[in-house]
Structure formats: C-alpha cells, structure tokens
Amino acid sequence: DTGVSQDPRHKITKRGQNVTFRCDPISEHNRLYWYRQTLGQGPEFLTYFQNEAQLEKSRLLSDRFSAERPKGSFSTLEIQRTEQGDSAMYLCASRLGPDTQYFGPGTRLTVL
Amino acid sequence: GNSVTQMEGPVTLSEEAFLTINCTYTATGYPSLFWYVQYPGEGLQLLLKATKADDKGSNKGFEATYRKETTSFHLEKGSVQVSDSAVYFCAADNHNNDMRFGAGTRLTVKP
Numbered sequence: 020d021t022g023v024s025q026d027p028r029h030k031i032t033k034r035g036q037n038v039t040f041r042c043d044p045i046s047e048h049n050r051l052y053w054y055r056q057t058l059g060q061g062p063e064f065l066t067y068f069q070n071e072a073q074l075e076k077s078r079l080l081s082d083r084f085s086a087e088r089p090k091g092s093f094s095t096l097e098i099q100r101t102e103q104g105d106s107a108m109y110l111c112a113s114r115l116g117p118d119t120q121y122f123g124p125g126t127r128l129t130v131l
Numbered sequence: 128g129n130s131v132t133q134m135e136g137p138v139t140l141s142e143e144a145f146l147t148i149n150c151t152y153t154a155t156g157y158p159s160l161f162w163y164v165q166y167p168g169e170g171l172q173l174l175l176k177a178t179k180a181d182d183k184g185s186n187k188g189f190e191a192t193y194r195k196e197t198t199s200f201h202l203e204k205g206s207v208q209v210s211d212s213a214v215y216f217c218a219a220d221n222h223n224n225d226m227r228f229g230a231g232t233r234l235t236v237k238p
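Just so you know, the sequences run in chain order X and A. So the first sequence is residues 20 to 131, counted in my numbering. So the second sequence is residues 128 to 238, counted in my numbering.
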C-alpha cells in the first residue's frame, strides 16, 4: 500500500494528557497537510509543510499544538494538555507540488 | 479566500434513483474543484476533480462539471447503489494551500 498512512487510528486519552500522532505521506510527495474534522463538518486546515519547512499555520492551531516534519518525510502532530474540545478526527494529506491532495485514514481522538 | 457551500443532507434515495448534490464556491482566481467521498471511520477518498472551466470530472458513474458562470460543481449519478452510501465533500483549491471544504452531504441509499 503506497497511500498516506496515519498512526494510531484511534486514541482515547484523559483531559490534560499529551498525545502525538504520526503521518507517513506518499513517498515522493513534498507537501504535507494536517486537517481537523469534527462531526458533521468538512476538514479544516491546521498546518502545511513543504519538505521539512512548516510554511503555514491556521489560527485554529493553538499554542498547545505543535507539528514537525524533521526530515521532510513523516510528520508528527502533538497536542499538549488535551481538552475535551480537541476531540475530533485528525487528517493528514500529501501532494506533489500543486497536484491533487491525497488523504490518510485519519486518527480519531477522544478526550475524556 | 475560497469558500464552498454544498447541499445540506441527509439525502436518502432508493437504489437506482438519480442523485444530485449541489455545490457552489466563491474564490479568487480559478480554483481546482474536487469531490471527495468519506466512508464511515475512514479518511477522504478522491472521487473526481476538474481543474478549469467546462471540464467534466467523472469516476464510478459520478460526474461533475466545472461551471464558471454559475460558480458550481454539482455532483450527479444516474443510478445510485447501496454501496454509494457515504458522506460526500465538495472542495475548492486555489493552489495557495487554501483548500476549503463544504460541510459534507450524507447520502443513504436504500435497497
């Protein structure tokens, strides 16, 4: 399978804990995106990397959120001191240049 | 920036019925337009796309035509199947990393 992969697929955590998600993009794709999707809504842009550089961050990305793509391949999204409002599906997508974005299966986060 | 408005759901149809899900967009410039489909518990899968005015995207019996004059990209299928039950998202991408999605339309097809 050469698509975008995400790990874990599901995460349940208690409020106040830190969580980290991983995304492995399609191998030759230089652009990587993180989105958040809440129930009944479309994905909302969080942040974007071109190679290892984080070029854009949404206002949705509070100080508790941090994303990295250290070698320009996989990326991690960390949420510190989780809150119940962080419960959502976190989607990763990758693309080669301006071509189509391809999405991973998502990580569903539940904060108790 | 872009914005996308799509028909509210849920939409419930009988098998072999005709499907239309409306989508309109506002954008600066000329975005590429997409329909993505999401099955329960999964990420978004690209269904079809169109990159310029009057282009028609098609896949698996679904079609959508990029209409610049009406800023629309309505999704159609002539005969739906139970397996088409999913949530459908319209999206506009102006290639400035500003891809916007509609809120999604849930389709249920009954046998």
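It should be emphasised that the hints constitute simulated quantities derived from the structure, not laboratory data. Don't take every hint at face value.
To be verified - Pair by pair, the computed Cβ-Cβ distance ranges are:
#, chain 1, residue 1, chain 2, residue 2, range
1, X, SER24, A, PRO167, 36 to 46 Å
2, X, THR119, A, THR147, 44 to 54 Å
3, A, PRO137, X, LEU79, 21 to 31 Å
4, X, GLY35, A, GLY156, 20 to 30 Å
5, A, ASP225, X, GLY104, 37 to 47 Å
6, A, LYS183, X, ILE31, 37 to 47 Å
7, A, PRO238, X, GLY35, 24 to 34 Å
8, A, THR197, X, SER46, 38 to 48 Å
9, A, TYR166, X, GLU102, 41 to 51 Å
10, A, GLU196, X, THR39, 40 to 50 Å
11, X, ASN49, A, PRO238, 36 to 46 Å
12, X, ASP118, A, GLN208, 21 to 31 Å
13, X, LEU79, A, GLU169, 15 to 25 Å
A virtual CB, placed ideally from N, CA and C, is assigned to each residue, including glycine.
How the hints compare with the structure:
1. SER24/X - PRO167/A: 36 to 46 Å: violated, 19 Å
2. THR119/X - THR147/A: 44 to 54 Å: Once the Cβ atoms are compared, 24 Å apart, the range 44 to 54 Å for THR147/A and THR119/X is violated.
3. PRO137/A - LEU79/X: 21 to 31 Å: The hint (21 to 31 Å, Cβ to Cβ) holds, given that PRO137/A and LEU79/X are roughly 26 Å apart.
4. GLY35/X - GLY156/A: 20 to 30 Å: Distance hint for GLY35/X, GLY156/A is violated at roughly 44 Å.
5. ASP225/A - GLY104/X: 37 to 47 Å: violated, 24 Å
6. LYS183/A - ILE31/X: 37 to 47 Å: holds, 44 Å
7. PRO238/A - GLY35/X: 24 to 34 Å: violated, 47 Å
8. THR197/A - SER46/X: 38 to 48 Å: holds, 39 Å
9. TYR166/A - GLU102/X: 41 to 51 Å: violated, 29 Å
10. GLU196/A - THR39/X: 40 to 50 Å: Distance hint for GLU196/A, THR39/X holds at roughly 47 Å.
11. ASN49/X - PRO238/A: 36 to 46 Å: For ASN49/X and PRO238/A the Cβ distance comes to about 45 Å; the hint holds.
12. ASP118/X - GLN208/A: 21 to 31 Å: holds, 30 Å
13. LEU79/X - GLU169/A: 15 to 25 Å: holds, 22 Å
Hint compliance for this structure: hints 1, 2, 4, 5, 7, 9 are broken, all remaining hints hold.
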